[in-house]
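Undergrad: All chains, full assembly: derive it from the sequences and hints.
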Amino acid sequence: MAQKTIKSEFFKGIWSDNPVTRQLLGLCSVLAVSNAVINGVAMGLAVTFVLVFSSLIVSVIRKIVPNQVRIASFIVIIATFVTIADRVLAAYFPQLSKAMGPYVPLIVVNCIILGRAEAFASKNKVGRSIIDALGMSCGYILTLLLMGFIRELLGNRSILGYQILGKWFEPWVVMLLPPGAFIMLGLIIALFNLIENKIKEKQKLR
Amino acid sequence: MNLLVIFISAVLINNFVFYYFLGLCPYLGVSRKIGPSISMGMAVTFVLSLTAVASWMINHWILLPYGLDYLQIVSFILVIAALVQLVEMFIRKVSPPLYQAMGIYLPLITTNCVIMGLALLAALKNYNFLETVIFGVSAGLGFTLAIVLMAAIREQLDLADVPRPLRGAAIALITAGIISLAFMGFSGIIK
Amino acid sequence: MSLATRMIAVLTSVGLISGSFLAIVGQITKEKILFNKKHEIEMAALKVVPGAHSVKMIYENRDFAIFEDRDEAGHLVGYAIQAAGTGFQDKIVLEVGLDPTLSKVLALTIIEQKETPGLGAKITDEASFLRFWRNRDCRQELSLRKPPVSDPASLAPNEVNAITGATISSQAVLNIVNEAIKKVKQLQSEGKLLSKE
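Residue numbers (the working numbering), protein chains in the order written: chain L, 49 to 254; chain U, 26 to 216; chain V, 8 to 204.
These aren't lab readings, by the way, just hints derived from the structure by calculation.
Don't take every hint at face value.
Here are the simulated lysine-lysine pairs, DSS-like style, with alpha carbons at most 25 Å apart [unchecked claim]: (1) 37/V x 150/U; (2) 98/V x 45/V; (3) 171/L x 55/L; (4) 98/V x 146/L; (5) 153/V x 63/V; (6) 37/V x 146/L; (7) 111/V x 150/U; (8) 146/L x 39/V; (9) 54/V x 192/V; (10) 37/V x 63/V; (11) 192/V x 111/V; (12) 150/U x 39/V; (13) 146/L x 44/V; (14) 150/U x 45/V; (15) 146/L x 45/V; (16) 199/V x 63/V; (17) 44/V x 150/U; (18) 190/V x 150/U; (19) 192/V x 98/V; (20) 150/U x 146/L; (21) 54/V x 146/L; (22) 111/L x 171/L; (23) 98/V x 150/U; (24) 44/V x 98/V; (25) 55/L x 246/L; (26) 146/L x 121/V.
Facing chain U, from chain L, some residues (calculated, C-beta under 8 Å) [as the list claims (entries may be wrong)]: (27) 72; (28) 182; (29) 241.
On a predicted model such as this, the values are computed, not experimentally measured, just so you know.
Where is the CB? At the ideal position from N, CA and C, for every residue including glycine.
TA: Encoded structure:
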């Protein structure tokens, strides 16, 4: 039983409570950095790092922090980890850091992080909070990768910089531009809704 | 001249919503009716202008002179939170009708990426004081434009028969994509 | 402990701990980040002046910098000018190499741009844009050749090629370069283009 709950705690982040497609959180970073798979990977790892560590700390100190200063302390903790991620990227991966511009520091106002700290980590034990954070990160990364994959393939004929489609395919430049991001995310959310509806109908039939 | 470029670019070409993808949460949440959208836009413009001033002062008078740039993110977010609190208290005291109109949106604004995005972008683009202020005001106007446009379309969209999986966020995002496509027509108007 | 003291104690300790953490991370990464920034610009300054071996910044203003390029023997082989301006979409930052007499553009490189991928973004492309910027005569203003030609040799000495379908981006780059050259010539006539030894 216990194992099952841990499992469902993890998988809810990927499907039923997916932060991007179901909760519509953190959209700005998903739209902004998904024009190439590599940016998506870097952004996903940065968010995972911040989410896991801030969930950990928030969960550890949840009983010491008085309710009134809860949000303020969470914000400081999150901002600390975001700064660490930002500085490390800027120091050791300058190209990536440049490509992502202000979106790494903007993780600090990404609603996924504060949302999870507030709704989950501040109420649950350390272990469960980390599982929850990992699940949410995975859901976020998978959506980001799916977007990056489609946009880079259609917009640039490549994946991770390697040419996949031949010259016969005229690249859809719009995919790399903001409109492509909006429309693609809209379609992905619609697809997820469609699958979810189908699943629910089947369950009803049973 | 430079200020005009910043203004046009922040309102039309590099609109915060359609180009930088900032402020999407209220954009998707609030923009169902034109009235509240205008209030929200005004509230955001107001806070953006104040943030522009405050973040510039912190960056240029405290962080940069003392080499504390690694505290940028922490100090920006704390200043924004404090600022929004102050504005809320001030408006509630001074003008209850105004508080009625835009007060409820103020707490939402703290975690709104438009505000933080402005502070970070202005620092990144290395704007001077006047440029930062203009950037803040015009970013707010651009946001208002975006959110009102979207509300106008969504009022009509409510009457349309949208396929079920597309309802809600999906169609809102696709609409945003099409408006963003239209806004691309503004690129290159500054030469 | 009363609530107020607890609140203050918690906030202070959270602030102190994260502050000291950040100070450590800031110290560790500081030099590396500064080095990255400087390195990129200096590499570009070396690239745009053929035969250059070392560069030194001799003038700096907002979004505008002049570097002096010297060869191994220490002779002045040219200047690299970093300049910026508005492109089709957003800011374009570039570096252009000039010969010591400021009469010839040696080469051009783009440092930062957000032009349309596949169209305006070709300004970073060697084959379709940058190679047409080698050895241009800049005693008078440079001008844009459109429709573009395929062979650099068929351009007039003070002409550069436009990119098909991205005239505005090409024109923006040209304007930034012309503006920068004008500024450098101005500075030279004021005698400010001397290395501070």
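Undergrad: Evaluate each hint against the coordinates.
TA: We went through each hint and held it up to the structure:
Pair hint residue 37/V plus residue 150/U holds up; C-alpha atoms about 20 Å apart against a cutoff of 25 Å. Restraint check: the Cα-Cα separation between residue 98/V and residue 45/V comes to about 19 Å, which is no more than 25 Å; the hinted pair holds. Taking the CA atoms of residue 171/L and residue 55/L, the gap is near 19 Å; set against the 25 Å cutoff, the hint holds. The hinted pair formed by residue 98/V and residue 146/L meets the criterion: a straight-line CA distance of about 14 Å does not exceed 25 Å.
Taken as a hint, the residue 153/V and residue 63/V pair is broken in the structure, with Cα atoms around 36 Å apart against an allowance of 25 Å. With a C-alpha separation of about 16 Å, the suggested pairing of residue 37/V with residue 146/L holds against the 25 Å cut-off. For a cut-off of 25 Å, the pair hint linking residue 111/V to residue 150/U is broken: about 31 Å separates their Cα positions. This hinted pair checks out: residue 146/L and residue 39/V have alpha carbons roughly 15 Å apart, not beyond 25 Å.
Of the pairs offered as hints, the one joining residue 54/V and residue 192/V holds, with about 22 Å between alpha carbons and a cut-off of 25 Å not exceeded. With a C-alpha separation of about 22 Å, the suggested pairing of residue 37/V with residue 63/V holds against the 25 Å cut-off. The suggested pairing of residue 192/V with residue 111/V holds, with an alpha-carbon distance near 12 Å, which does not exceed 25 Å. Between residue 150/U and residue 39/V the CA atoms are separated by roughly 21 Å; this keeps the pair inside 25 Å, and the hint holds.
Between residue 146/L and residue 44/V, the direct Cα distance comes to roughly 10 Å. Compliance with the 25 Å bound is thereby established for this hinted pair. With a CA separation close to 17 Å, the supplied pair residue 150/U and residue 45/V stays within the 25 Å bound. Proximity of residue 146/L to residue 45/V is assessed by CA-CA distance (about 14 Å); at most 25 Å being required, the pair is judged to hold. The hinted pair formed by residue 199/V and residue 63/V meets the criterion: a straight-line CA distance of about 15 Å does not exceed 25 Å.
Straight-line distance between C-alpha atoms of residue 44/V and residue 150/U comes to about 15 Å, which keeps the hinted pair within the 25 Å bound. A hinted pair counts as satisfied when its Cα atoms are at most 25 Å apart, and residue 190/V with residue 150/U qualifies at roughly 22 Å. For the proposed pair residue 192/V and residue 98/V, the alpha carbon gap of about 24 Å is at most 25 Å, so the pair holds. With a CA separation close to 13 Å, the supplied pair residue 150/U and residue 146/L stays within the 25 Å bound.
The straight-line distance between the Cα atoms of residue 54/V and residue 146/L is roughly 20 Å, inside the 25 Å bound, and the hint therefore holds. Taking the CA atoms of residue 111/L and residue 171/L, the gap is near 9 Å; set against the 25 Å cutoff, the hint holds. Using a Cα cut-off of 25 Å, the hinted pair residue 98/V and residue 150/U holds, with the two alpha carbons roughly 9 Å apart. Between residue 44/V and residue 98/V the alpha-carbon distance is near 17 Å, which keeps this suggested pair within the 25 Å criterion.
Proposed proximity of residue 55/L and residue 246/L is supported: the alpha carbons are some 23 Å apart, at most 25 Å. Taking the CA atoms of residue 146/L and residue 121/V, the gap is about 12 Å. The hint holds against a cut of 25 Å. Interface hint status for residue 72/L: upheld, as the beta-carbon distance to the closest one in chain U is roughly 5 Å, under 8 Å. Taking 8 Å as the C-beta cut-off, the interface hint given for residue 182/L is violated, the closest approach to chain U being about 23 Å.
Look at residue 241/L: its Cβ gets to within about 4 Å of chain U, closer than 8 Å, so that hint holds up.
In summary, the structure is inconsistent with hints 5, 7 and 28 from the numbered list given earlier, while agreeing with the others.
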